[in-house]
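Engineer: So the chains spell out like this:
2 protein chains.
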Amino acid sequence: MNTQADISKQPQTLQLKRVGIDTYQENVAYLHRECSIYRAEGFQALARVAISADGRRVMAVLNVVDDANIVTPDELGLSEQAFIQFGNEEKTPVRVDHAGQPSSMGLVRRKIAGERLNQDDYTAIIEDIVQHQYSKMELAAFLVASGESGLDRDEVLYLAKAMLESGERIDWDEPLVVDKHCIGGIPGNRTTMLVVPIIAAHGMLIPKTSSRAITSPAGTADTMEVFAEVNLPPEALHHIVRHQRGCLAWGGTARLAPADDILISVERPLGLDSRGQMVASILSKKLAAGSTHLLIDIPVGPTAKVRQMREALALRKLFEFVGDRLGIHLEVIISDGRQPVGRGVGPALEARDVMQILENQPDAPFDLRQNALRLAGRILEFDPDVRGGYGYAIARDILDSGRALKKMQAIIEAQGRRRISIELGKLSIDIASPRAGVVTAIDNFQIAHIARLAGAPMDKGAGVDLFKKLDDRVEKDESLYRVYAEFPADFQFARNLAKHNSGYIIKDER
Amino acid sequence: MNTQADISKQPQTLQLKRVGIDTYQENVAYLHRECSIYRAEGFQALARVAISADGRRVMAVLNVVDDANIVTPDELGLSEQAFIQFGNEEKTPVRVDHAGQPSSMGLVRRKIAGERLNQDDYTAIIEDIVQHQYSKMELAAFLVASGESGLDRDEVLYLAKAMLESGERIDWDEPLVVDKHCIGGIPGNRTTMLVVPIIAAHGMLIPKTSSRAITSPAGTADTMEVFAEVNLPPEALHHIVRHQRGCLAWGGTARLAPADDILISVERPLGLDSRGQMVASILSKKLAAGSTHLLIDIPVGPTAKVRQMREALALRKLFEFVGDRLGIHLEVIISDGRQPVGRGVGPALEARDVMQILENQPDAPFDLRQNALRLAGRILEFDPDVRGGYGYAIARDILDSGRALKKMQAIIEAQGRRRISIELGKLSIDIASPRAGVVTAIDNFQIAHIARLAGAPMDKGAGVDLFKKLDDRVEKDESLYRVYAEFPADFQFARNLAKHNSGYIIKDER
Chain A
0 MNTQADISKQ PQTLQLKRVG IDTYQENVAY LHRECSIYRA EGFQALARVA
50 ISADGRRVMA VLNVVDDANI VTPDELGLSE QAFIQFGNEE KTPVRVDHAG
100 QPSSMGLVRR KIAGERLNQD DYTAIIEDIV QHQYSKMELA AFLVASGESG
150 LDRDEVLYLA KAMLESGERI DWDEPLVVDK HCIGGIPGNR TTMLVVPIIA
200 AHGMLIPKTS SRAITSPAGT ADTMEVFAEV NLPPEALHHI VRHQRGCLAW
250 GGTARLAPAD DILISVERPL GLDSRGQMVA SILSKKLAAG STHLLIDIPV
300 GPTAKVRQMR EALALRKLFE FVGDRLGIHL EVIISDGRQP VGRGVGPALE
350 ARDVMQILEN QPDAPFDLRQ NALRLAGRIL EFDPDVRGGY GYAIARDILD
400 SGRALKKMQA IIEAQGRRRI SIELGKLSID IASPRAGVVT AIDNFQIAHI
450 ARLAGAPMDK GAGVDLFKKL DDRVEKDESL YRVYAEFPAD FQFARNLAKH
500 NSGYIIKDER
Chain B
0 MNTQADISKQ PQTLQLKRVG IDTYQENVAY LHRECSIYRA EGFQALARVA
50 ISADGRRVMA VLNVVDDANI VTPDELGLSE QAFIQFGNEE KTPVRVDHAG
100 QPSSMGLVRR KIAGERLNQD DYTAIIEDIV QHQYSKMELA AFLVASGESG
150 LDRDEVLYLA KAMLESGERI DWDEPLVVDK HCIGGIPGNR TTMLVVPIIA
200 AHGMLIPKTS SRAITSPAGT ADTMEVFAEV NLPPEALHHI VRHQRGCLAW
250 GGTARLAPAD DILISVERPL GLDSRGQMVA SILSKKLAAG STHLLIDIPV
300 GPTAKVRQMR EALALRKLFE FVGDRLGIHL EVIISDGRQP VGRGVGPALE
350 ARDVMQILEN QPDAPFDLRQ NALRLAGRIL EFDPDVRGGY GYAIARDILD
400 SGRALKKMQA IIEAQGRRRI SIELGKLSID IASPRAGVVT AIDNFQIAHI
450 ARLAGAPMDK GAGVDLFKKL DDRVEKDESL YRVYAEFPAD FQFARNLAKH
500 NSGYIIKDER
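So the sequences go chain by chain: A and B.
Residues 0 to 509 in numbering that gives the first Met the number 0 are what the first sequence lists, from first letter to last.
Residues 0 to 509 in numbering that gives the first Met the number 0 are what the second sequence lists, from first letter to last.
Among the hints, a few may not be true.
Copies of the same chain look alike in the list, so a pair counts if it works inside one copy or between any two.
Stated by the list, open to error - Calculated cross-link-like contacts (lysine to any residue; reagent style SDA-like; alpha-carbon spacing at most 20 Å):
| no. | residue 1 | residue 2 |
| --- | --- | --- |
| 1 | K425 | Q11 |
| 2 | K475 | G300 |
| 3 | K90 | D66 |
| 4 | K498 | H97 |
| 5 | K425 | G183 |
| 6 | K16 | A67 |
| 7 | K16 | D65 |
| 8 | K498 | G99 |
| 9 | K425 | I36 |
| 10 | K498 | D96 |
| 11 | K16 | D66 |
| 12 | K316 | Q408 |
| 13 | K90 | Q80 |
| 14 | K498 | E485 |
| 15 | K425 | G387 |
| 16 | K467 | H499 |
| 17 | K475 | H499 |
Since the hints were made in silico from the structure, they are not lab data.
Please work from the sequences and hints to get the whole structure.
Structural biologist: Have a look at this one:
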């Protein structure tokens with residue numbers, strides 16, 4: 000029985016290969032089934048491997064490959080994201096090791112068992128997540144365990160702090176840096192694009208970065224992109240904010256609270272909607288972005304995210320508890336979320352609504368204008384020089400006088416005006432009322448879903464243009480809304496859904 | 000504004016391609032980023048698509064591809080499992096549709112929110128899982144929500160029934176069909192390979208199918224494979240059982256409770272270990288296999304799955320509650336799980352232990368023999384003709400007389416004797432005691448982990464051979480155990496782990 004101590008000197012490496020597959024926030028490694036060194040199947044049941052070279056290391060879920068065109072038995076493939084994270088060149092000799100679960104998964108299992116975790120625990124979990132150590136099923140396990148009733152308010156605070164500390168943080172070196180955030184779920188509610196120019200025109204600092212849509216038909220970044228470049232490097236963004244007092248950019252380029260983006264890639268497809276996760280996510284992002292004052296908008300309605308006033312109040316208190324302890328001045332406004340806001344749903348259509356309001360066109364959508372003025376008014380009152388109760392009038396004056404439009408044009412120029420204007424989708428169909436009567440309900444989810452299937456936000460010109468809102472009278476066969484799409488496949492998807500269920504309820508007039 | 004009603008007539012299909020990637024119990028679809036019909040990125044955020052052709056349909060998670068060698072913009076790729084499930088040939092024109100979550104995910108979200116689900120709910124969830132409609136993150140969400148304290152005992156019953164009804168069910172048309180099941184976690188505890196020949200030699204029907212190891216270093220199927228073919232088509236298996244009264248085969252070929260295999264592919268890597276899931280899984284599989292009488296073995300020890308006697312009792316009661324309502328005669332035995340059983344850990348080493356006992360060799364491992372006789376004795380007492388308390392003596396007589404060995408040889412011949420005998424791994428190293436003293440603890444997890452890294456169960460000859468057990472005296476530098484491996488990389492993994500932590504605690508003799 001001879002102990003072969005010298006085998007450690009044998010080469011135990013594979014050649015690194017970049018595999019052109021985008022696995023969307025999950026690192027995947029590709030190992031050929033007949034791999035010359037490691038037996039793929041032995042690794043596979045445990046699902047995870049660590050790939051290392053030159054002191055760099057990356058964790059990945061393993062897929063076994065039977066096609067040498069993807070990887071040969073002498074190669075180790077990494078999916079796009081994992082390859083970039085690993086930071087080594089193709090053909091680098093790499094080692095593959097069994098990798099257990101990230102150590103913080105033990106904490107997640109304690110959370111699953113119903114225990115309360117402390118600040119150090121959440122910090123450890125979030126650090127592992129940011130380093131892409133969690134597979135999607137592990138992320139799902141954490142989200143479910145910490146979802147709904149799983150987090151008490153102290154734990155939401157711990158989670159928010161951990162997320163805040165996991166990334167970079169901007170310091171604007173000003174006493175008053177304001178932001179607003181709507182918890183979402185209401186199509187067309189593009190208030191940010193009105194609030195930012197009003198506030199910046201007043202001279203307050205509002206360095207607004209926004210998300211792109213994930214499951215909705217348009218985010219503010221998608222809509223602003225109709226007018227201007229939104230994908231700006233951090234330095235350019237800072238320059239614009241200093242000069243214009245505001246911006247309307249995409250937040251994805253900054254590494255602010257990066258754990259959030261990873262968690263969202265699992266939370267959204269699962270349809271999870273945990274209050275604790277939401278509060279931690281929003282507040283950590285805003286603090287990381289350097290905000291000192293924050294206005295939160297919670298729309299309430301039967302097809303909004305928050306359906307009952309008592310839910311809205313509980314959520315308000317959770318925001319206040321965590322916000323106070325993180326040291327941000329936070330106010331919450333509860334708004335009408337019974338139907339889509341404005342008329343357009345989809346980037347180009349929403350951009351059109353915004354511009355009508357800024358230009359004070361007589362037929363500009365009134366509800367969107369009112370929502371924006373209420374929010375801007377409250378933010379203006381963060382300014383110590385604004386007398387309580389006078390914010391709304393100041394906001395209205397800035398809008399009516401054209402100063403908001405002028406500021407918007409300046410921000411568009413600063414970010415880089417889009418040369419070629421965006422057209423509405425070439426394909427369109429009107430969805431007609433099946434009867435005469437009054438609109439008594441409009442389903443936010445259904446309208447968003449139709450706009451999304453039509454191609455929004457990827458196709459800027461796709462979406463839904465609403466002709467009728469709550470309490471409007473309609474005739475039989477009168478158009479309720481028009482669906483726009485760019486591509487035939489999308490058009491069919493959206494049309495079929497709209498014909499199956501228009502999202503409108505029409506009742507007899509009494 | 001023209002409504003283009005004729006676009007539905009345009010060809011909207013891609014060519015199906017089999018992509019040689021094994022994604023392990025998760026359907027994956029590969030779409031090129033520049034796909035000619037569908038825009039990949041629009042689909043990606045929602046993660047799931049439905050692929051259809053000729054009335055067949057398969058759901059899959061979407062990966063976006065940037066390499067035309069994997070799929071071209073005109074192709075739609077499916078991973079191995081998804082391709083097989085879809086059942087269409089390559090180049091078949093396929094449609095791709097947005098696919099929402101499986102409808103039963105709404106029930107899973109209700110479970111996450113803490114609600115109690117009913118029989119219909121579990122039936123709907125399990126049906127969707129069996130049809131591969133759940134992604135791994137959705138499976139994780141379900142498992143976490145229904146894990147630990149998440150299921151009351153009625154829900155465990157509902158889940159077990161749903162799993163039972165999701166697959167095929169065998170009827171042996173005999174009044175007494177027995178089985179045994181150990182909840183596992185104790186390396187080397189290969190009692191099944193002794194119990195089956197004893198029971199079959201007595202003439203009782205014991206159509207034993209076993210699993211392969213998933214996270215352990217050997218399953219009964221892996222170990223039996225050292226002697227005989229275990230991968231038998233259902234008809235051959237039935238023929239053997241009718242003639243031999245027993246078999247020792249792999250259960251994977253039958254579609255019995257198929258939901259279980261899918262759930263396990265997520266449960267194991269996550270390290271989840273829910274009692275409710277376990278009970279539902281075991282009982283549904285046994286009933287599906289046609290068992291009327293079942294003996295459950297629960298080992299208890301500080302490094303066993305069940306660590307405290309009170310836990311074992313609670314688990315016993317859960318087995319009894321669900322088993323009684325499913326109509327299976329069930330008994331539970333609680334055994335000593337403080338250390339590995341027998342000497343060998345790994346298929347060939349465990350097979351050696353089993354054969355020593357069947358051949359009544361004087362140095363055969365006593366603990367494994369005793370465990371097997373106790374279990375066989377209790378099973379024999381399911382026979383109405385066996386007087387209560389006499390089972391053990393009958394079992395011992397069958398073993399000592401050589402009838403068990405003869406039956407084992409007959410079963411091996413019937414299943415197909417392996418032509419080439421299996422050797423122990425070429426690479427080996429002895430792990431020595433750092434001091435003189437007495438063995439006071441052996442960590443089941445650590446020994447299993449070392450054997451696993453050494454290559455077990457994939458390499459039959461890999462594993463750990465224990466020279467010392469609890470209460471044994473050892474000298475300084477005396478060997479505690481030997482590690483066997485076939486491949487250098489595995490050997491290094493295992494050796495490094497064993498040297499880092501041998502799994503043994505040696506204390507001074509008093």
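Engineer: Does each hint fit the structure? Answer for all of them.
Structural biologist: Taking the hints in turn, this is what the structure says about them:
no. : hint        : result
1   : K425 - Q11  : between (57 Å within a copy, 18 Å between copies)
2   : K475 - G300 : neither (27 Å within a copy, 75 Å between copies)
3   : K90 - D66   : both (18 Å within a copy, 18 Å between copies)
4   : K498 - H97  : between (52 Å within a copy, 17 Å between copies)
5   : K425 - G183 : neither (29 Å within a copy, 63 Å between copies)
6   : K16 - A67   : both (12 Å within a copy, 16 Å between copies)
7   : K16 - D65   : both (15 Å within a copy, 14 Å between copies)
8   : K498 - G99  : between (50 Å within a copy, 18 Å between copies)
9   : K425 - I36  : between (55 Å within a copy, 16 Å between copies)
10  : K498 - D96  : between (54 Å within a copy, 17 Å between copies)
11  : K16 - D66   : both (14 Å within a copy, 13 Å between copies)
12  : K316 - Q408 : neither (38 Å within a copy, 72 Å between copies)
13  : K90 - Q80   : within (17 Å within a copy, 30 Å between copies)
14  : K498 - E485 : within (18 Å within a copy, 64 Å between copies)
15  : K425 - G387 : neither (49 Å within a copy, 83 Å between copies)
16  : K467 - H499 : within (19 Å within a copy, 72 Å between copies)
17  : K475 - H499 : within (17 Å within a copy, 79 Å between copies)
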